[in-house]
Amino acid sequence: MKVFEVTLAPKQIASQLKCEIVLVRKTVLTNVAELAEANEKSVCFFENPKFLDALNACKAGLIFVPADFDAKQKPDTNLILIDKPYINFMMLVKTWLELSREKPVEKIAETAVVSKKATIGRNTNLGHNCIIEDNVIIGNNTTIESNSVIRKNVRIGENCHIFPNTTIYEDCVLKNNVVIHSGCVIGADGFGYLLHEGIQNKIPQVGNVIIEDDVEVGACSCIDRATIGSTIIGKGTKIDNLVQVGHNCKIGENSILCAQVGLAGSTEIGDVVFLAGQVGVAGHLKIDDGAMVGAQSGVSNSIPKKAKYFGTPAIDAGLKKRILASEKQIPNVVKYYKKIMKNEKVKK
Amino acid sequence: MKVFEVTLAPKQIASQLKCEIVLVRKTVLTNVAELAEANEKSVCFFENPKFLDALNACKAGLIFVPADFDAKQKPDTNLILIDKPYINFMMLVKTWLELSREKPVEKIAETAVVSKKATIGRNTNLGHNCIIEDNVIIGNNTTIESNSVIRKNVRIGENCHIFPNTTIYEDCVLKNNVVIHSGCVIGADGFGYLLHEGIQNKIPQVGNVIIEDDVEVGACSCIDRATIGSTIIGKGTKIDNLVQVGHNCKIGENSILCAQVGLAGSTEIGDVVFLAGQVGVAGHLKIDDGAMVGAQSGVSNSIPKKAKYFGTPAIDAGLKKRILASEKQIPNVVKYYKKIMKNEKVKK
Amino acid sequence: MKVFEVTLAPKQIASQLKCEIVLVRKTVLTNVAELAEANEKSVCFFENPKFLDALNACKAGLIFVPADFDAKQKPDTNLILIDKPYINFMMLVKTWLELSREKPVEKIAETAVVSKKATIGRNTNLGHNCIIEDNVIIGNNTTIESNSVIRKNVRIGENCHIFPNTTIYEDCVLKNNVVIHSGCVIGADGFGYLLHEGIQNKIPQVGNVIIEDDVEVGACSCIDRATIGSTIIGKGTKIDNLVQVGHNCKIGENSILCAQVGLAGSTEIGDVVFLAGQVGVAGHLKIDDGAMVGAQSGVSNSIPKKAKYFGTPAIDAGLKKRILASEKQIPNVVKYYKKIMKNEKVKK
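Protein chains in written order, with our numbering: chain A, 1 to 348; chain B, 1001 to 1348; chain C, 2001 to 2348.
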């Protein structure tokens, strides 16, 4: 249950939507909740019939239900009848969060360590014990939370939010509206060694990372700096938790990298690409715009535009599914094959 | 080698156990060690015959050996002859650790930043530079180590141990005896976006995480907050390092998630489920009580009670093993098939 | 682009190399860059014909090109003609970094929390808010960056570099020239539980981690302490980001563990072993010297010296590739098999 500081009335909510409203009692709404945990001040949604029992038991102050829902099924309850109740409910949550958001004001914790050579914008919020090193530039309305470390020469744009315990290595660039969750490491050295006479020799990693506008990076993800040049995360791309992006990768716009994805070095990902959880991509490949790769796939070749790939090594997803559908017969086929082979031997 | 502050005599140790003891010399025991690193004050165990050479060379002050061990094989050495020497040795380690444990006393580092609006229990231990935000409640005998960040409204129960550099996002709940290792991020935003006109739009994530009693979470693991409602880790469940638990997952009691496991959103895991290393589970599935899933499996369907699954996609482990056993013949079978096809074509 | 504080002239660079130099204009060199981002003060390299367009457009002050490159192709540009331009260019970067490196001087941040019982070497650099607990020993010329936590009894050698937000648990040992990137957790408890009457009982983890000379560990990697004894990372081994090393593993010298690799407990890895990204290795196995394991493989058996393995479960890579090459025919084979089976039934 998320309780907001701003309260809303059912009519206020309905007035923003193209919907039918059934109002049976007055109420002040203070929170959004799941059906099962709702109280009389909650707004909920109901869309999946699986949750019908929870709906019947629910005491919420207002429930978003599908447009064709029969209001008699849930009497004594305020209802909003609307197409796509889940999405519309979530839009309400978004609006409500914005209504409750405090206006940004400058707030620099006494324990923040800010270099005199750093440039800090207006209404910036620097948390306890965060470290802002030499020549860092931070834009307006940006928040760096507690215990994060921003190393020298980093540039961070406006309206960014860096959560606690994050590390951003020197020279990296974050543009505007970038969100980095806790535990992330942006700009650590790429993984490059040359084996020479039995010894692994480090290839210096002197590039950086550039994160374009509107990117969000989940917790404990790592984006390595380029060897030379930049590792680039394109505008609007979203990266989940525990993801590894190798040095010199270039990711396009509005792509999705689900949790635990790993990209080896110098790979290019296009726009609106979807990489499901735990996918691995080898180095120096290109996954073109709109491609989709199924969970746990191991990509060892480039993937053309809008293709759907699956498996290790990843191949056309339709073909892979046909192979997998046949898989259960393999022991029988092999048994039969062995019988034939034995017979053929006997004949000879 | 682990050296304890409390010393023990062989007889003291034997008196707690149902065992036979062979005492050939007096000694004061100060540490537990592997056979290979032991000194005259060490307690060791021997169970796996693979380590017989190490046993012969070992100078330990006391060795746990199997009940049927022939003491003449290791003369001049104090021995405890006992069933399951490894487990009994480990029980001793546990007891010894408890004997050596300091009584909890209140210890709040001067550099800890504790909100005046936080409520801190008795005998609480707050490390250097840890951050306790507004409205946090921390129970008795709980330790929050250095540089950890506990954001607003978090509730932590009694006897919990939060290791250094951990982040717990707002509104999350940890009950009693919960252990969170370093680098963990509890309650970061779930990964939810809607692609609309080529742009990824964030679905707000306003739920929380609830971690029940006796849960232990390994280093650098991430448990995301629910979109609405709660992500729940059930009582006694143990989670290894670098594990990803997606938003709105519900995990039952006493389950095991090995390292690098990833659960997508809204998946349910029952009680005493075992997920081996690097397993991935798709969203909205149910893995029922007692199920076991083999390492690296990709689970794309729900799994019934006590079933053993393996592979990507995960299927019955026995069937998968039969398929894999046949796998090596596939090239021969395909070659033979191609020959037949060619002949059939010729016939036509 | 990496800008150095020390400037170089083309002749200075050439004088260190066995190469031919084409000098067409005077310039002061200040940085290394990719062809596409270079300015007149940049040094670049060209080796892969894929970047010919970038070479043609490039305005760099000096470009390393292959020994057989036709200098007329890039007139008006200073060139170094040399075998292996990439490697030689990288050697220059290494040298340039060393020239630019400040001489180590003692620098202990006021906000560093250093126990009076700790022993700190000469020219040690302790960052803001780093925590050095009781009985820690740190060698000469070692840097511990901001917000890192070094727990009691840890020993760190000379010339080590611990990046920000790292945690090293008690009793661990890092020898000389060890580099640990941000977010790493060294020495958290191994993952060991015994299921007894439906409850997971923790096996105490009282060993440590020993990291030998010249090891580098990437961001957010976890190396667990041993149950008893030590988890050991051998000299010169390099570990990428988000890698999991289970308790009691022993890794040899100069091995490579790519990103997101996971090793279960007590596994031994030899010298100069190569584990590609996302490889998982089960417990108690031995991967012998010089072995190579392909990306995402799941190793369930020991691997002999210099063998190349691939797949889950990992088998000889050549055989696995033959199986995969046949894979696409499986649906046809199974279809044909079913037809035969039907016919045989009809005959009966």
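Hints should not be assumed to be uniformly reliable.
[Stated by the list, open to error] Dumping the calculated DSSO-like pairs for lysine-lysine here, alpha-carbon to alpha-carbon at most 27 Å:
| no. | chain 1 | residue 1 | chain 2 | residue 2 |
| --- | --- | --- | --- | --- |
| 1 | B | K1286 | B | K1175 |
| 2 | A | K338 | B | K1347 |
| 3 | C | K2250 | B | K1059 |
| 4 | B | K1305 | B | K1338 |
| 5 | C | K2175 | B | K1345 |
| 6 | A | K328 | A | K347 |
| 7 | B | K1339 | A | K338 |
| 8 | B | K1202 | A | K50 |
| 9 | B | K1050 | C | K2306 |
| 10 | B | K1026 | A | K321 |
| 11 | C | K2305 | A | K328 |
| 12 | C | K2041 | A | K321 |
| 13 | A | K345 | C | K2175 |
| 14 | C | K2175 | C | K2084 |
| 15 | C | K2342 | B | K1347 |
| 16 | B | K1342 | C | K2335 |
| 17 | C | K2084 | C | K2041 |
| 18 | C | K2286 | B | K1347 |
| 19 | C | K2305 | C | K2250 |
| 20 | A | K286 | C | K2321 |
[As the list claims (entries may be wrong)] If you want the footprint, here are the derived chain A segments under chain C, 3+ residues with CB under 8 Å:
| no. | stretch |
| --- | --- |
| 21 | 43-54 |
| 22 | 204-214 |
| 23 | 258-269 |
| 24 | 278-287 |
| 25 | 329-337 |
[Stated by the list, open to error] If you want a taste of the chain A side facing chain B, the calculated C-beta under 7 Å gives, among others:
| no. | residue |
| --- | --- |
| 26 | Q12 |
| 27 | I120 |
| 28 | H128 |
| 29 | N147 |
Since the hints were derived computationally from the structure, they do not count as laboratory data.
From a predicted model like this one, the values you see are computed outputs, not experimental measurements.
We put the beta carbon where it would ideally sit given N, CA and C, even for glycine.
Each hint tested on the structure:
1. Restraint check for B/K1286 and B/K1175: the C-alpha separation of about 25 Å stays at or below 27 Å, so the hint holds.
2. Annotation: proposed proximity of A/K338 to B/K1347 holds, straight-line Cα distance about 25 Å (limit 27 Å).
3. Distance check on the hinted pair: C/K2250 and B/K1059 sit about 23 Å apart at the alpha-carbon level, within 27 Å; holds.
4. Using a Cα cut-off of 27 Å, the hinted pair B/K1305 and B/K1338 is violated, with the two alpha carbons roughly 42 Å apart.
5. Restraint check: the Cα-Cα separation between C/K2175 and B/K1345 comes to about 69 Å, which exceeds 27 Å; the hinted pair is violated.
6. Between A/K328 and A/K347 the alpha-carbon distance is near 30 Å, which puts this suggested pair outside the 27 Å criterion.
7. Between B/K1339 and A/K338, the direct Cα distance comes to roughly 16 Å. Compliance with the 27 Å bound is thereby established for this hinted pair.
8. For the proposed pair B/K1202 and A/K50, the alpha carbon gap of about 25 Å is at most 27 Å, so the pair holds.
9. Straight-line distance between C-alpha atoms of B/K1050 and C/K2306 comes to about 24 Å, which keeps the hinted pair within the 27 Å bound.
10. Between B/K1026 and A/K321 the CA atoms are separated by roughly 69 Å; this puts the pair beyond 27 Å, and the hint is violated.
11. Under the criterion of a C-alpha separation no larger than 27 Å, the hint pairing C/K2305 with A/K328 is inconsistent with the structure, at around 34 Å.
12. Distance check on the hinted pair: C/K2041 and A/K321 sit about 54 Å apart at the alpha-carbon level, beyond 27 Å; violated.
13. Distance restraint check for A/K345 and C/K2175: the Cα-Cα separation of roughly 63 Å exceeds the 27 Å cut-off, and the hinted pair is therefore not satisfied.
14. The suggested pairing of C/K2175 with C/K2084 is violated, with an alpha-carbon distance near 34 Å, which exceeds 27 Å.
15. For the suggested pair C/K2342 and B/K1347, the alpha carbons sit about 22 Å apart, so the restraint of at most 27 Å is met.
16. Our distance criterion of 27 Å between C-alpha atoms is met by B/K1342 and C/K2335, whose separation comes to about 16 Å.
17. Under the criterion of a C-alpha separation no larger than 27 Å, the hint pairing C/K2084 with C/K2041 is consistent with the structure, at around 22 Å.
18. For the suggested pair C/K2286 and B/K1347, the alpha carbons sit about 53 Å apart, so the restraint of at most 27 Å is broken.
19. About 16 Å separates the Cα atoms of C/K2305 and C/K2250, which keeps this hinted pair within 27 Å; it holds.
20. Simply put, A/K286 and C/K2321 have alpha-carbon atoms about 22 Å apart, close enough for the 27 Å limit, and the pair holds.
21. Residue count for the stretch 43-54 of chain A with a Cβ under 8 Å from a Cβ of chain C: 0. That is fewer than the three needed, and the coverage hint is violated.
22. Counting residues of the stretch 204-214 of chain A whose C-beta sits closer than 8 Å to any C-beta of chain C gives 3, which meets the bar of three, so the coverage hint holds.
23. Evaluation of the coverage hint for the stretch 258-269 of chain A: fulfilled, as 3 residues show C-beta separations to chain C shorter than 8 Å, against a requirement of three.
24. Chain C is given as covering the stretch 278-287 of chain A, and this holds because 3 residues of the stretch bring a CB closer than 8 Å to a CB of that chain, at least three being needed.
25. Only when three residues or more bring their CB closer than 8 Å to a CB of chain C does the claim for the stretch 329-337 of chain A stand; here the count is 5, and the claim holds.
26. The beta carbon of A/Q12 is not positioned within 7 Å of any beta carbon in chain B (closest approach about 18 Å), and the interface hint is therefore violated.
27. The beta carbon of A/I120 is not positioned within 7 Å of any beta carbon in chain B (closest approach about 20 Å), and the interface hint is therefore violated.
28. Because the closest C-beta pair between A/H128 and chain B is about 5 Å apart, less than 7 Å, the hint holds.
29. For the restraint placing A/N147 at the interface with chain B, the shortest Cβ-Cβ distance is roughly 5 Å, inside the 7 Å limit, so the hint holds.
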